[in-house]
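2 protein chains.
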Amino acid sequence: MAAMSDRPSARTQTSFLFDLDGTLVDSVYDHVMAWHKALRDKGIEVSIWRIHRRIGMSGDLFTAALSRELGHEIGDKLRQELSDLHAHHYNTRSTGTVVLPGARELLKHLSENEIPWGIATSGRMRTAGPVLEALGVDPAKHVVITRDLVRYAKPDPDLFIACAEKLGTNIAHACVVGDAVWDMLASRRAGALGIGLLSGGYSVGELERAGAYRVYEDPADLLRHIDEVGGRR
Amino acid sequence: MAAMSDRPSARTQTSFLFDLDGTLVDSVYDHVMAWHKALRDKGIEVSIWRIHRRIGMSGDLFTAALSRELGHEIGDKLRQELSDLHAHHYNTRSTGTVVLPGARELLKHLSENEIPWGIATSGRMRTAGPVLEALGVDPAKHVVITRDLVRYAKPDPDLFIACAEKLGTNIAHACVVGDAVWDMLASRRAGALGIGLLSGGYSVGELERAGAYRVYEDPADLLRHIDEVGGRR
Chain A
-17 MAAMSDRPSA RTQTSFLFDL DGTLVDSVYD HVMAWHKALR DKGIEVSIWR
33 IHRRIGMSGD LFTAALSREL GHEIGDKLRQ ELSDLHAHHY NTRSTGTVVL
83 PGARELLKHL SENEIPWGIA TSGRMRTAGP VLEALGVDPA KHVVITRDLV
133 RYAKPDPDLF IACAEKLGTN IAHACVVGDA VWDMLASRRA GALGIGLLSG
183 GYSVGELERA GAYRVYEDPA DLLRHIDEVG GRR
Chain B
-17 MAAMSDRPSA RTQTSFLFDL DGTLVDSVYD HVMAWHKALR DKGIEVSIWR
33 IHRRIGMSGD LFTAALSREL GHEIGDKLRQ ELSDLHAHHY NTRSTGTVVL
83 PGARELLKHL SENEIPWGIA TSGRMRTAGP VLEALGVDPA KHVVITRDLV
133 RYAKPDPDLF IACAEKLGTN IAHACVVGDA VWDMLASRRA GALGIGLLSG
183 GYSVGELERA GAYRVYEDPA DLLRHIDEVG GRR
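Which chain is which? The protein sequence lines are A and B, in order.
When you line the first sequence up against our numbering, it's residues -17 to 215, in that order.
When you line the second sequence up against our numbering, it's residues -17 to 215, in that order.
For the record, the hints were derived by calculation from the structure and aren't laboratory data.
In this text, all values refer to a predicted model and were calculated from it rather than measured experimentally.
Fair warning: there could be bad hints in the mix.
The list cannot tell twin chains apart, which means a pair is met if one copy fits it or any two copies do.
[To be verified] Under the rule of at most 25 Å between Cα atoms (straight-line distance), these lysine to aspartate or glutamate pairs were calculated in the DMTMM-like manner:
#, residue 1, residue 2
1, LYS24, ASP209
2, LYS59, GLU27
3, LYS90, GLU27
4, LYS24, ASP140
Next comes chain A alone, as it looks inside the complex (with noise of 0.2 Å):
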């Protein structure tokens, strides 16, 4: 028992990565109206399932695939000023930000269980902020990976590779929990495991088809079903 004891711990302790936005708060229909609202005060029509369908990649990556839809180029001014009124647009909603059930109780588990945790996530501190301070997450005290700190967002394995770096944990025995497709992708990008959860709006069927190894409603029922996919209980 003394020679297990001594096998290193970081190769196989589970961590779990979270994915912020429709994964820990429900802010993902807030993204989508706020990114409607700025494409049409430019004057761009995009329906508002493809814009919802495309939250939680890479702000670029989503320029670049409406460059696509619309047939020309959306140049470096104009893609700026898009996400600048997005943040407007998402800063200055009326709901708040409502943290999703059973969220902070799941951070708390983990906390008590020592198991690591942390946050990646591919908006900028600028809408994540608030975010986390209604999350009650430090980002002085916790781990925290935004777009700010990675070349390349989700579907981009960066950000979830960064997140278990800094944890000090090996990615390979990693949970990456998210609500987007992205997710699954960056995380079968990463090598690590992928949960999906519904509460961003995907269906079951998307999120297995990106990978994911098991699919949960929300945080409470991930919570709910732990011991799963590694969280003890």
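Please arrange chain B on chain A, whose structure you already have, making use of the hints.
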């Protein structure tokens, strides 16, 4: 050949029965946010994705599903207050109503080809009215069945059955076009052919599992493939 043309055309005449929100106009997400606001006004917290997945079903079933989730009854008074608040928030939203790509062209194509079509919505005229106006559909000239006119809304088949009856067509030869699983379920109960559209934010898989015969992106995509579903071309 003479014998064939003597057959009553109503027997094999395809008709198209359309859902309204998310199918012809880009209003699903506005309805979602209006319900979310209405519920919060009354101190009721429900995650937004759960509201999204209920849009398009009868309002009474919506509140029944809500009661089940909250674990207590929603009385008639609260139900009416929520309905009024929802209508208020929906009608005062800032975005206005955007017609989905190809919606007007699709209806025009059917009219020009003398293929009967009508609209059957779970909504009431007080919210559907402005939407029909944006779409250029005059309820005095076209067949429009709203929740006010039938006893049970979707997923009950009554709305689509009433729509086919008013058109004087056989529902067994009708295509029911909708964005929600509730449309597909109602379509099957009515014995019609369900055609799903992604424009309300459901996935291909969810619509197919609910019985969709074909799934297209939006009205423009359906119009491009209209020959696949009996709309000639």
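Tested hints:
no.	hint	verdict
1	LYS24 with ASP209	neither (48 Å within a copy, 36 Å between copies)
2	LYS59 with GLU27	within (18 Å within a copy, 39 Å between copies)
3	LYS90 with GLU27	between (42 Å within a copy, 22 Å between copies)
4	LYS24 with ASP140	neither (31 Å within a copy, 42 Å between copies)
When the structure is compared with the earlier hints, violations turn up for hints 1, 4 and for no others.
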